[in-house]
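Make the full structure from the sequences, and use the hints.
Respectively, the protein sequence lines represent chains A and B.
For the first sequence, our numbering begins at 1 and goes up steadily by one.
For the second sequence, our numbering begins at 1 and goes up steadily by one.
One thing to keep in mind: the hints can contain errors.
To be verified - Facing chain A, a subset of chain B residues (Cβ under 8 Å, in silico):
1. Q178
2. Q181
3. V182
4. L183
5. A185
6. N186
7. W188
8. Q189
9. P197
10. L198
By construction, these hints were calculated from the structure, which means they are not laboratory data.
C-beta: ideal position from N, C-alpha, C; glycine also.
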Amino acid sequence: MPALAVTNLHKSFGATAALNGVSFTVFHSEILAVLGPSGCGKSTLLNIIAGLEKPDRGEVLWEGKSIQGIPPHRREFGLMFQDLALFPHLNVYDNIAFGLNLKNLPAADIKERVQEMLALVHLEGYEKRDVNTLSGGEAQRVALARCLAPKPRFLMLDEPLGALDRNLRELLWLELRQILKEIRQTTLYVTHDQQEAFGLADRIAVMNAGKIEQIDVPLALNRRPANRFVAQFLGLPNFLQGTATRSGKQTLVETAIGIFPLSTTASGKVTVLMRPDALRLDGSGSFRFSGKIIERVFQGAVCKVVIEVNFTPLTFHVLPSSPLPEDGSLLLFSVNPDEAFQILPS
Amino acid sequence: MSVIRKLNAWLLWSLPLVFLGVFFFYPLGVILAYSLTRLSAFQAEVASAVLPLPVILRILGFTTWQAFLSTLLTLLVGLPGAYLLGRYQFRGKAFLQAWMGVPFMMPALVVAACFDTLLGPRGWINLGLMELFGLTAPPIQFSNTFGAILTAHVFYNTTIVLRLVGDFWSHLDRRFSQAAQVLGANRWQTLRKVILPLLTPSILAAALLVFMFDFTSFGVILVLGGPRFRTLEVEIYYQTVGLFNLPAAATLAILQLACTFTLTLLYTRLSERQRPVSMRPQTYNQARLTSWRSRLFAVVTVSFLTVFFISPLAALALRSVSRLEPDRGQRTLSSPGITLDFYRELSANRRRSLFYAPPASAISISLAYASITVALSLALGLPAAWAQARLASPKVNRLFDSLLMLPLGASAVTLGLGFILTFDQPPLDLRASPALIPLAHTLVALPFVVRSLAPALRSIKPKLRQAANVMGANAWVQFTRVELPLINRAILSAAIFAFTISLGEFGATAIISRPEYPTIPVAIFRLLSQPGGLNYGQALALSTILMFVSAAGMILIQRLRITETGEF
Numbered sequence: 001m002p003a004l005a006v007t008n009l010h011k012s013f014g015a016t017a018a019l020n021g022v023s024f025t026v027f028h029s030e031i032l033a034v035l036g037p038s039g040c041g042k043s044t045l046l047n048i049i050a051g052l053e054k055p056d057r058g059e060v061l062w063e064g065k066s067i068q069g070i071p072p073h074r075r076e077f078g079l080m081f082q083d084l085a086l087f088p089h090l091n092v093y094d095n096i097a098f099g100l101n102l103k104n105l106p107a108a109d110i111k112e113r114v115q116e117m118l119a120l121v122h123l124e125g126y127e128k129r130d131v132n133t134l135s136g137g138e139a140q141r142v143a144l145a146r147c148l149a150p151k152p153r154f155l156m157l158d159e160p161l162g163a164l165d166r167n168l169r170e171l172l173w174l175e176l177r178q179i180l181k182e183i184r185q186t187t188l189y190v191t192h193d194q195q196e197a198f199g200l201a202d203r204i205a206v207m208n209a210g211k212i213e214q215i216d217v218p219l220a221l222n223r224r225p226a227n228r229f230v231a232q233f234l235g236l237p238n239f240l241q242g243t244a245t246r247s248g249k250q251t252l253v254e255t256a257i258g259i260f261p262l263s264t265t266a267s268g269k270v271t272v273l274m275r276p277d278a279l280r281l282d283g284s285g286s287f288r289f290s291g292k293i294i295e296r297v298f299q300g301a302v303c304k305v306v307i308e309v310n311f312t313p314l315t316f317h318v319l320p321s322s323p324l325p326e327d328g329s330l331l332l333f334s335v336n337p338d339e340a341f342q343i344l345p346s
Numbered sequence: 001m002s003v004i005r006k007l008n009a010w011l012l013w014s015l016p017l018v019f020l021g022v023f024f025f026y027p028l029g030v031i032l033a034y035s036l037t038r039l040s041a042f043q044a045e046v047a048s049a050v051l052p053l054p055v056i057l058r059i060l061g062f063t064t065w066q067a068f069l070s071t072l073l074t075l076l077v078g079l080p081g082a083y084l085l086g087r088y089q090f091r092g093k094a095f096l097q098a099w100m101g102v103p104f105m106m107p108a109l110v111v112a113a114c115f116d117t118l119l120g121p122r123g124w125i126n127l128g129l130m131e132l133f134g135l136t137a138p139p140i141q142f143s144n145t146f147g148a149i150l151t152a153h154v155f156y157n158t159t160i161v162l163r164l165v166g167d168f169w170s171h172l173d174r175r176f177s178q179a180a181q182v183l184g185a186n187r188w189q190t191l192r193k194v195i196l197p198l199l200t201p202s203i204l205a206a207a208l209l210v211f212m213f214d215f216t217s218f219g220v221i222l223v224l225g226g227p228r229f230r231t232l233e234v235e236i237y238y239q240t241v242g243l244f245n246l247p248a249a250a251t252l253a254i255l256q257l258a259c260t261f262t263l264t265l266l267y268t269r270l271s272e273r274q275r276p277v278s279m280r281p282q283t284y285n286q287a288r289l290t291s292w293r294s295r296l297f298a299v300v301t302v303s304f305l306t307v308f309f310i311s312p313l314a315a316l317a318l319r320s321v322s323r324l325e326p327d328r329g330q331r332t333l334s335s336p337g338i339t340l341d342f343y344r345e346l347s348a349n350r351r352r353s354l355f356y357a358p359p360a361s362a363i364s365i366s367l368a369y370a371s372i373t374v375a376l377s378l379a380l381g382l383p384a385a386w387a388q389a390r391l392a393s394p395k396v397n398r399l400f401d402s403l404l405m406l407p408l409g410a411s412a413v414t415l416g417l418g419f420i421l422t423f424d425q426p427p428l429d430l431r432a433s434p435a436l437i438p439l440a441h442t443l444v445a446l447p448f449v450v451r452s453l454a455p456a457l458r459s460i461k462p463k464l465r466q467a468a469n470v471m472g473a474n475a476w477v478q479f480t481r482v483e484l485p486l487i488n489r490a491i492l493s494a495a496i497f498a499f500t501i502s503l504g505e506f507g508a509t510a511i512i513s514r515p516e517y518p519t520i521p522v523a524i525f526r527l528l529s530q531p532g533g534l535n536y537g538q539a540l541a542l543s544t545i546l547m548f549v550s551a552a553g554m555i556l557i558q559r560l561r562i563t564e565t566g567e568f
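Laid out in structure tokens, this is it:
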């Protein structure tokens, strides 16, 4: 049985629909990331699951039972806010102990649990620190410790690394995954950063304009994006408009860069995704096209090249060590169609 | 460069400082010297001639007690309102907010007149009850009671709580309470463990300010409390005007100064010690009234505030155009109804006395004083605010700021007493001069003027001036062409502040005004202290005029406010 399920959630603010029929499930010990651009309804979703807002329609279920009438303070969920919301009038210790104090636990147990949490987030010795003097990374860990301390049965993280700079974020999301996996925490992680979601989550739900576009494991999401929005949001760059026609056993797709066969059942007007990692520089692909390199950007692990084919700029990733000809001259490139092309539902 | 900047700062500050020196610190020094020399010279007599210690202690005790109770009640009335205004967005809110600010600028005498027309022996409620049950005496004793003082103080100062606490609340990140809720805190626990601790600095600041105003309250106690109740401020007035016992007045003034200065210091310390709290724009924190619980709360709170804050004002305005009592010399009321007689009578000089000025002339005198006050306080306040916003270091800034705030804490009656003691001899013999009054009004208005201007000047981005500078504008052109146009709203609201304060000022004016040049509040007080329905009616008519002018001024100021957070 899934731990948490939301079914057909709707929520509008005035004329704008923040959630427009959202359904998904989270399993025990799983980290599910909700990935989407800002303003797609992610925070509203968390507020509704936490009980801070009421949905217009739809339900939130915990282990199969509706928790609609239960107020936030009795749900035993944890929510880490984007801006952390550490209580500025309490020190680190009292912030972490806040939820424990409300449970009327013995003082010794509280103390032990706070120490345990501080050790978990590597902040031993920070008990007496004023939370207003913490660095961004430290404050983020205190906030995490605070919502983990009462052992929530379900944890929600709302862009927890949003305010930090790139390098620190990469360091922290790996650490965060380690911590969450160590305690087998059932988690919903909300972010707009696809790298963060890919690095952290077991499964990812891509959300757009109040709807879930696709839910899958990270690799499948990248390999088989469900639609153009998902592909675009995951950073896949090349989309071609084309026409698919059945011809005998195979389907031929006609696009601006040429006609190629594709194993698909689609026909008529189609949008074709061309994968950026499919370019074969050795000429071994079965579909050939000529183009000229108009731009190349060195990006560390890969080199991004933009090739203009029949007035259509296409972006590809190649190894920096690959032998690439000069910019500007017309050259022949090749790909294997079933590897490089994918029809997207429009 | 920095030397020049410092020099500039000092030059800009010097004008207001010289003014404060001559018209505030010098008179204060005279009061101090006066009370000290008397004390040492007539040590033996002092105990009996000045005031016996137990009497002084009793007055001090009562002053503190009534201020404490008033503050407590004000918080009780103000905090639910602060919550409503801070956390919710609803129709009519802007109007409610503006209206709550009106009593604060209302002259004490007008407030006294308001409550008198509502609950006094000749007030609506008493007259109504007498009519209804055929009583011969007013059933409700309100005037000259302790309750009257407390009620008027709450009426006056609730807006401070609404403004300071409500503004702070509206910017306090609502995520704090949501975080507490998710961590398992119910409503009550969230309030007690998170909201209240975070609000405490602003509640304390508001309470201190309210306490300070209640501690030095004058008109309310003099008129609504009657002769039975004597605070330090009222006793200083009686000793000065009634008994001409200046040594006693000076001693009491020094005592009161010591108290208010301590309070001012506490207030400054408190506003410095505020914790950094993540602040959010109001729109993020405020919700609409959606649940029945919030709606019920809003309805109850708004109804209470409306009744409490509008009924006294409405009572006054209505009473000033009603004929409810028999004319002088007649036993029965000939015709009850609407009348404008009281307004017409204002311009008649019935007594044909040389020293007696018809009440209507008080209006033109008040307007003249108010205009001078506006000009003077802007001329002094603008350079002070500019220096404060631009040039001074934070430390120097704080010093100048608290220097400017001092007249506010010193109490108006003490200012008046200082003027009387100081300017009755060369080199500055101004006793006979009507110029003293606008000078005193300027002292009272200056803190408000500087506090309206400085934040506006501070909010101008330095880049704007730098851009003008690069395009060839010197400091003067930058000021006149860039800064002045940007702060014209703030200047207007500062001018309205000065104008309204001058119109309503009573404490200092009561002591130094010349009988032939009465201001509106002085004329009201004279009319109130004379018997007869006509005098009473005229007092109400004048009060109504003053009420409308002050209300218009206050509403205008609220409209002009550009900064979101409240400053007093």
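Here is how each hint holds up against the structure:
no., hint, verdict
1, Q178, "holds, 5 Å"
2, Q181, "holds, 4 Å"
3, V182, "holds, 4 Å"
4, L183, "holds, 4 Å"
5, A185, "holds, 6 Å"
6, N186, "holds, 5 Å"
7, W188, "violated, 10 Å"
8, Q189, "holds, 6 Å"
9, P197, "holds, 4 Å"
10, L198, "holds, 6 Å"
Checked against the numbered hints given earlier, this structure breaks only hint 7.
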